Structures are given as structure tokens and as C-alpha cells.
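Undergrad: Residue numbers (the numbering used here), protein chains in the order written: chain A, 1 to 469; chain B, 1 to 469.
Calculated from the structure, these hints are not laboratory results.
A hint or two may mislead.
[To be verified] Below, a list of computed lysine-lysine pairs in the BS3-like style, where the Cα atoms sit at most 25 angstroms apart:
| # | chain 1 | residue 1 | chain 2 | residue 2 |
| --- | --- | --- | --- | --- |
| 1 | A | K389 | A | K215 |
| 2 | B | K213 | A | K213 |
| 3 | A | K359 | B | K129 |
| 4 | A | K237 | A | K262 |
| 5 | A | K332 | A | K292 |
| 6 | B | K332 | A | K215 |
| 7 | B | K3 | B | K242 |
| 8 | A | K213 | A | K292 |
| 9 | B | K129 | A | K213 |
| 10 | B | K389 | A | K332 |
| 11 | A | K129 | B | K237 |
| 12 | A | K3 | B | K242 |
[Said to hold, decoys possible] The calculated label-pair distances, taken between Cβ atoms and stated as ranges, are:
| # | chain 1 | residue 1 | chain 2 | residue 2 | range |
| --- | --- | --- | --- | --- | --- |
| 13 | A | D169 | B | L380 | 51 to 59 angstroms |
| 14 | B | Q162 | A | A100 | 33 to 41 angstroms |
| 15 | A | A35 | B | G63 | 39 to 47 angstroms |
Treat the numbers as computed from the prediction; the structure is a model and nothing was measured.
Every residue, glycine too, gets a C-beta built ideally from N, C-alpha and C.
2 protein chains.
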Amino acid sequence: MAKYEVLARRIREQITANIWQSDDKLPSLREQAAASGMSLMTVMHAYQILESQGWIISRPQSGYYVAPKAGFLTSPAGHQKLELAEQIDINSFIFDVLQASRSPSIMPFGSSYPDPGLFPRQQLTHSLKTVARTMGSLSATDNLPPGNEDLRKTIAQRYALQGMQISPDEIVITAGALESLNLSLQATTEPGDWVIIENPCFYGALQALERLKLKALAIASHPQWGIDLNALEEALKTYPVKACWMMTNIQNPLGVTSSNEKKQQVVALLQRYNVHLVEDDVYSELYSGSDKPLPAKAFDEKGMAMLCSSFSKSLVAGFRIGWVAAGHMASKIQRLQLMSTLSTSAPMQLALANYLATKSYDSHLRKLRRTLAQRKDIALQSLHTHLPKQVKIHYAQGGYFLWIELPAHLNATDLYYRALEHKISIAPGKMFSASTQYNNYFRFNTSYEWTDKSEQGVITLAGIIRELL
Amino acid sequence: MAKYEVLARRIREQITANIWQSDDKLPSLREQAAASGMSLMTVMHAYQILESQGWIISRPQSGYYVAPKAGFLTSPAGHQKLELAEQIDINSFIFDVLQASRSPSIMPFGSSYPDPGLFPRQQLTHSLKTVARTMGSLSATDNLPPGNEDLRKTIAQRYALQGMQISPDEIVITAGALESLNLSLQATTEPGDWVIIENPCFYGALQALERLKLKALAIASHPQWGIDLNALEEALKTYPVKACWMMTNIQNPLGVTSSNEKKQQVVALLQRYNVHLVEDDVYSELYSGSDKPLPAKAFDEKGMAMLCSSFSKSLVAGFRIGWVAAGHMASKIQRLQLMSTLSTSAPMQLALANYLATKSYDSHLRKLRRTLAQRKDIALQSLHTHLPKQVKIHYAQGGYFLWIELPAHLNATDLYYRALEHKISIAPGKMFSASTQYNNYFRFNTSYEWTDKSEQGVITLAGIIRELL
Chain A
1 MAKYEVLARR
11 IREQITANIW
21 QSDDKLPSLR
31 EQAAASGMSL
41 MTVMHAYQIL
51 ESQGWIISRP
61 QSGYYVAPKA
71 GFLTSPAGHQ
81 KLELAEQIDI
91 NSFIFDVLQA
101 SRSPSIMPFG
111 SSYPDPGLFP
121 RQQLTHSLKT
131 VARTMGSLSA
141 TDNLPPGNED
151 LRKTIAQRYA
161 LQGMQISPDE
171 IVITAGALES
181 LNLSLQATTE
191 PGDWVIIENP
201 CFYGALQALE
211 RLKLKALAIA
221 SHPQWGIDLN
231 ALEEALKTYP
241 VKACWMMTNI
251 QNPLGVTSSN
261 EKKQQVVALL
271 QRYNVHLVED
281 DVYSELYSGS
291 DKPLPAKAFD
301 EKGMAMLCSS
311 FSKSLVAGFR
321 IGWVAAGHMA
331 SKIQRLQLMS
341 TLSTSAPMQL
351 ALANYLATKS
361 YDSHLRKLRR
371 TLAQRKDIAL
381 QSLHTHLPKQ
391 VKIHYAQGGY
401 FLWIELPAHL
411 NATDLYYRAL
421 EHKISIAPGK
431 MFSASTQYNN
441 YFRFNTSYEW
451 TDKSEQGVIT
461 LAGIIRELL
Chain B
1 MAKYEVLARR
11 IREQITANIW
21 QSDDKLPSLR
31 EQAAASGMSL
41 MTVMHAYQIL
51 ESQGWIISRP
61 QSGYYVAPKA
71 GFLTSPAGHQ
81 KLELAEQIDI
91 NSFIFDVLQA
101 SRSPSIMPFG
111 SSYPDPGLFP
121 RQQLTHSLKT
131 VARTMGSLSA
141 TDNLPPGNED
151 LRKTIAQRYA
161 LQGMQISPDE
171 IVITAGALES
181 LNLSLQATTE
191 PGDWVIIENP
201 CFYGALQALE
211 RLKLKALAIA
221 SHPQWGIDLN
231 ALEEALKTYP
241 VKACWMMTNI
251 QNPLGVTSSN
261 EKKQQVVALL
271 QRYNVHLVED
281 DVYSELYSGS
291 DKPLPAKAFD
301 EKGMAMLCSS
311 FSKSLVAGFR
321 IGWVAAGHMA
331 SKIQRLQLMS
341 TLSTSAPMQL
351 ALANYLATKS
361 YDSHLRKLRR
371 TLAQRKDIAL
381 QSLHTHLPKQ
391 VKIHYAQGGY
401 FLWIELPAHL
411 NATDLYYRAL
421 EHKISIAPGK
431 MFSASTQYNN
441 YFRFNTSYEW
451 TDKSEQGVIT
461 LAGIIRELL
């Protein structure tokens, strides 16, 4: 790493660690050069880089200052319906949290994935063996984008059963939903464009926007009703928005499933302003009730919605197979994939196609949904029993997350660090927003079997919250 | 799509179709507005976009003009050692060629892959079955970036056998070398940065630069000696280069393997100018002679080289498993991967780790190298026999490509289209360069078993060339 990069990184870390805070004046070029033993040129280069990245700003005749926090426009008080972020910088924190939760000795209340013990390991193994036995020449070109034809057909047929007309030709198989979401966003935006996201939202959206250098318009989503339509329209009216990344079914982290009426309104609004919908639908198989909820794309007649999903939350996480039903964007997305990862692995595509052909997916899903609902009830019961009364638990049907609200003056990130000392993970609200608005929230995974250790974990969490209060 | 985008696209297409050529004056804003029925604002917006993308330029007091062709500085005559491309736009052609070559009924002289029949299908199948049987819970987190530990260790050990010190900790497992190359480039550049590539080079480099909006400095590479060091130094001296994407072993499409001395010089030069090396080393296992050639990274003491490779050309293409030995950039690359594809599939990583543990990889490679060398000789013989004497075949040891030069006034793209009518594919030179310098070259894949049909294919090719002459 070049010297100026070393210095720039050091200063970034200092800003992140609040050693230098918003509006603090940084040491002058000369002072920094003297202190670091680096040349004036090197220091200048480092400062310029930090400026171009939005960490610091220069004021003529005065010097360099730490930039206002992440470029947010915040209103003085009350519930914020629209947040703007010219530059998103939440990544380091997200990675730290994800990294910390990886150890098997950590209680996985913070995990994003359902208990892998709920997946049909034996049948998948069988499919993998069958494929290994019957697979052709392992040619690279057989399952290149758009991906295995049987798999695409099966996915299209599942949508058809819901009454949707999605052709296998508009489906592209990807490395999980994460690749399809990223490719969809890339296909519809250029660096510097405005994109609508929900607030709070899946951290992957924040990461994607940061990586692709997009600007965020974060629209408030309600734990019960979903996105705020007025704020959405206001944003569309005011900004030249290019795309909207949204979860209308079992939203992460809120858990809310929007009504069909709302989905229809969202699609109509976006179409009126010529904005592409990037729909993250990875949890919809984990619905509660009798029918699988429709995605917003079901109401899209112009082919402007890109419906992204995967098998990672409902069947198997490690295969890394997802897809996008991309409408008019299908061929552009294929090309972007061919350029960046070429394709997903052929045996994984074949194994899933084989498994789906056995028709046991639906009975697996029925069992999975039943178990997840039971486990969520048990966890909810335990949390109600042990958490202080000031803590509010937002419950939504389906999925395996609870969205938990601490009193406003508490910081769930503190809770996260303290809990981690006891080998308990939670997913602090800060991960799900480019603003500080959800710093007193956290997401709780209820998918694992509830044991005495889980109960003890909740009691420990409750104790830490009481100390923080 | 917004109106101004529709207009911008239309004009781009017109420029591509040579309706408007370099230095042509475009219709004024008013004329364009009148002609298109769009508002002045819309037209201005479209023109501004085209200007920011480098398609057109504005001259004060005069109006808008089509930019000089793709931003190339071309010298009036002679061999061009350095080509500049502010904007690369070769993708559509590359995709058309790749798409056309996918059908199994097409003779694969244009293919990038070795004959998949040369891969150890049985042993890989066995590994896949073993993994399916013994695999754990299919958890998503077990093989997250940097990837499966056994696999990273085995890769590091193979480098160690060559005398290189590469820690498993600096290796990140990726979806083939294509993902590792793309992530390496992304980790070391920002949109608008200058990057050095070879001319000619692997089209994936051109695509990556286009996708990441980077500017290309294309340094001439010689079929016998590799990159031109003087031109390289000149470019480094003149431009603020951020990264250099290079193949020092069995370069694609030339086939040339650079000497260790040259590799050392390249690394020293790049380090002097603080430029990261993105090394594409996917063909090095297909060497000719007694020892596997070292990568340039072997001479890198500062950890600034990112060595990218994969199993796709030497063991199995469809698994989509590659890696990068990324030096200081390893953690940044892991993060970029976590954000874009999350990880490569766990069973594929495990199956390869299992196969490599059987120790049969090296005996497979010995056999593969022997067969490839034999097939290349047979193909060369046939080409020599049938092609007109004006055609020059550049031969290099190792790999399975021949780089074939037609007389300067012929266009290999014409040959490509004509050959395709006879169900024969070749890889025209245009794919491998952002300039027109190699339009009379094509790449020929010699890895497939030589049959009467192959012989007939060469005779057909020779016939078309004679017609073109």
C-alpha cells in the first residue's frame, strides 16, 4: 500500500473511532507531515483522497475539516420519512458484525440465515450424487448465462402457479440473490445516480449503493404497513431517481408484508416516474397463512421490475444459487454477469434442477414454515417474559426475524458489543440504515431450536439492557 | 427509460453506425429539439450525458461535435507501441462472438476453453459424490470468503513447491479467475483511473475496464518477447496509472511466456511507480518444458501483485472456482466479494479440495500437457499445409492457442462471419484489442481432437481466405 494510502486509512480509522469528529479541524498539511514523518506531497495526496471520498472537506484559507456526518440532511425533530445520503459508509461496521457472528460458538440471534438444520440435507445430497453420476462433460458453456434451462423453467412454473406470467427467457440464474440484486442495480444505474431504498433495509442494499457509488433516498418503512407512499411519491417528484430497491414480502429487518393494494400502488408510482424496481423477494416462501404472497412484479405490466430471489433462505444456503426475473433487462444482466463472474457453477444448477424435479420442495416448505412459526412463537414468549417492559417487540407474520425496539436513549450497538462478550450475537439497527434513526433497534433471529442455552441467552441480554437503562 | 436517455442512446447508436463520424458537427440543441419533438432541456440533458461519456465534445461558440474516434491517439504510421482508450466499447462484438460459438454444432476453433473431454471427469465425479455424502449442514457461513481453508492451503502449497511464499491467508477463493481479476481491479481503482493492459489482451480485461469505467493504456505485447518494457515505462512516467493487468505466462491470445528477467523488470517498474499488478495466470499449468513458469508475483516483495488463477483451464471449467493471492489487498477483496456475490458455492469448493487431496492432479496435468502439445503440433501441421503462404502463424510453446496473422489488408472479422456460415468459429483479433491494430489476426484453438472434420474445416477456412485475398 502506498504511503498516502496508509495515511488516508489511518485518518479514516481515526474519524470512524470519533477521534476526529464532524467539523473538527484536522492538523494542517505541515503539522501532519511533521507528525507522520511523511512528505508534504504525501500528506496532501492523502487529504485529497479523503476529500474525494467525502470524509473531509477543505475550507479556503482555513484548512481541512471532518465532513458533516455522512452527508445527511436531518430534520430537527420527529419521525424522518425521507433520508438522503450522498455517500454511504456503513460497510466497515457491517463487516465487523458479520465477521463476529461467524464463529459457531456464538449464539446466532444476530444471524441472517435460518438454522441450516431445517434444510433437507439428505435429499439435496441425493440430488448432488445423482448429478455427479449423470453429469455430462463438465463443459463450461452448457450452463452459461442465462443458466440451466430446466432450472429456469421450474422457477417460471412456480410463478405461473401464483398466476404470474414470467417467461424462462427473462430469468437469469445468479450466485444467490445478492448477485442478482447487484447486477439489477448495476444494469439500471450509473455512478452518482439517485436510488430509493427503504429505511430500515437489508444491509446488502446499503453495501451495493456504496460499492456502485450511488446516492440513497431512504424512505421510511413501517413495521406494520411497509413503505410510506407519500414519502415515496415526494422523493420521485423531487429527485431524478433511477431505481428503487425494495422488499414487499417479509421485509428484512422489519418482517412486514405489504398488501397487494400497496404493491400495486408502488409499481404504478414507479412506472409513472419511469423508475426501475429492484425487488428483493428472498423470504416470500417463508410466508404465514394459506397463500404465498405475490411480489410487486406481479403488478408490473411494463417489464420494468426485476424480481430477485434465491434458494438460500428456503432450501440451501451454501449452493449460492439465486435468480432474477428481469423483464426487459434480462439480456443486459446476462452480459454483466458474463463479464464479472461468467456464470454460476454447473453442478449446483443441475443439482437444484434435479431436486426440484423430485417435487418434494413444497412439502419441505410446508414443514419449514410450520417449524419457523412455532420457533418464533417460543422465542417471542421468552423475550416477552425476560426483557424489560420498556422494550418493544415488533411482531410480523412469516419469516424468522423479530424487530426489537429499545428505549430511544439506548444504543443497540452498545448492547451488541456487550452481548458479544457473552458470546451472544444480535444484529444492531445501525446495520440496516444509513442514518442513526434505528440505533436503538436490533433484529433477532428466531429460527434456531429453542434450548435452555437460548433461554439463558435472552436472560443475559435482558440483564445487559437493564444495566444500560 | 427517461426521454433524454432515449435520445442519448439514439445518438450513440448513430455514432456507432457511422451516421455521425469523428469531428462531424451535431445538430444544434434547437434543431435537435425541433427534429425529435423533445424539449430543449431534454436535448441539452442528452448532449451533456453524451459529453460526460466521451461520445461528443462541445466547442465554445460553435456547438457539439462527435469526439475523435474512441479517444485514440494514433500515430500516422508504423507499429503502435502505446494505445490510449478513454472509453472502451468492444463489448457488443465480444458477446456476439461468444454467443455464436456456444452451439455444439459449431467447430470450436474460436473457443476459449480446452476440450472438456481432456478433464478427469470420473475422479471429479467421485470427489463430488464423496463430498455430497460427507458434507456437513450445508451452512452458508462455513465457506464464506476467503473460502475453504483446505483449498487455500493446497493452493498455497503448490506455490510453495515453486519456491514462492504465499500464505493461505492472502488467498481468496472466487467464481473463477474472472471474478478474482474483476475484484482485484476494482480494489485498486476508481472510475476514471488509468489502467495498463497489453495489446492484444484477453477480452475479459477490455470488458472489465469498460464495466468499471476505467481508461486503458494498451502496451504492445510481442508474440515472442511479451510486453514492450520501454513503452511500459513511458506510460508509467506519463500517466497516473493505478493498476496493470497482465499475463506473463502463456499470454492470451499470443501464447508468449515472458522470461523471469522480464517479469522481474516489470514488477520493479510497477513498484517504482506504485502501481498494482493484476496478474492473470490461468494458463500457467499448461506450460511446455520441464518446469512450471513462475508468475511475476514471485518477484514482488511489496505485496502489490494480485495473482489470479483458476482450475477452469486445467481441471474443470463448470465448477467456477478460481482464486487470487492478493497480498495486502486480500481483505479488501474479501469485502468486495461479500458485497457482490457473497461467496462461491460450498460443495464446489469442498469437491475440489477433496480432488486435490487425492494427489492425482499432477499426473492429470502431465497427461493434459502432453496431449495438448501433440494436438497443437497436428493442428499446426494442417494449417501450414492448407493456409495460403501469405498467412503467418505465430507459434509459442504451451497452452492451446495459435495466433494467426492475415495479410494486413484482410479483416479477420470478415473471415469470422464467412466461416460461421460454414459452422466454423474462430476468435477474430478485434476481440483482443481496443484498437484496430489486430483486425487482421485471429486466435485458433488447437485443443480438440484432430479429425477429418477438423481437417475439412481448415481447408474451408483456407478457401475463404483465398477468396478474401
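Undergrad: Take the hints in turn and mark each one as holding or not.
TA: Against the structure, the hints:
At most 25 angstroms may separate the alpha-carbon atoms for a hinted pair to count; K389/A and K215/A exceed this at roughly 38 angstroms. For the proposed pair K213/B and K213/A, the alpha carbon gap of about 12 angstroms is at most 25 angstroms, so the pair holds. Between K359/A and K129/B the alpha-carbon distance is near 22 angstroms, which keeps this suggested pair within the 25 angstroms criterion. In summary, the hint linking K237/A to K262/A is supported, as the alpha carbons are separated by about 19 angstroms, within the 25 angstroms threshold.
A distance of roughly 29 angstroms separates the Cα atoms of K332/A and K292/A; the hinted pair therefore is violated under the 25 angstroms criterion. Our distance criterion of 25 angstroms between C-alpha atoms is met by K332/B and K215/A, whose separation comes to about 22 angstroms. The straight-line distance between the Cα atoms of K3/B and K242/B is roughly 36 angstroms, outside the 25 angstroms bound, and the hint therefore fails. Note on K213/A and K292/A: the hinted pairing is violated, with a Cα-Cα distance of about 35 angstroms set against a maximum of 25 angstroms.
With a C-alpha separation of about 43 angstroms, the suggested pairing of K129/B with K213/A is violated against the 25 angstroms cut-off. As the CA atoms of K389/B and K332/A are separated by approximately 42 angstroms, the hinted pair breaks the 25 angstroms bound. Restraint check for K129/A and K237/B: not satisfied, since their Cα atoms lie roughly 56 angstroms apart, outside the 25 angstroms limit. Between K3/A and K242/B the CA atoms are separated by roughly 14 angstroms; this keeps the pair inside 25 angstroms, and the hint holds.
Taking the beta carbon of each, D169/A and L380/B are about 42 angstroms apart, not inside 51 to 59 angstroms as hinted. Between Q162/B and A100/A the C-beta distance comes to about 36 angstroms, which sits within the given range of 33 to 41 angstroms. Checked against the given bound of 39 to 47 angstroms, the beta carbons of A35/A and G63/B, roughly 53 angstroms apart, lie outside it.
Violation of the numbered hints given earlier is confined to hints 1, 5, 7, 8, 9, 10, 11, 13, 15; the remaining hints are satisfied by the structure.
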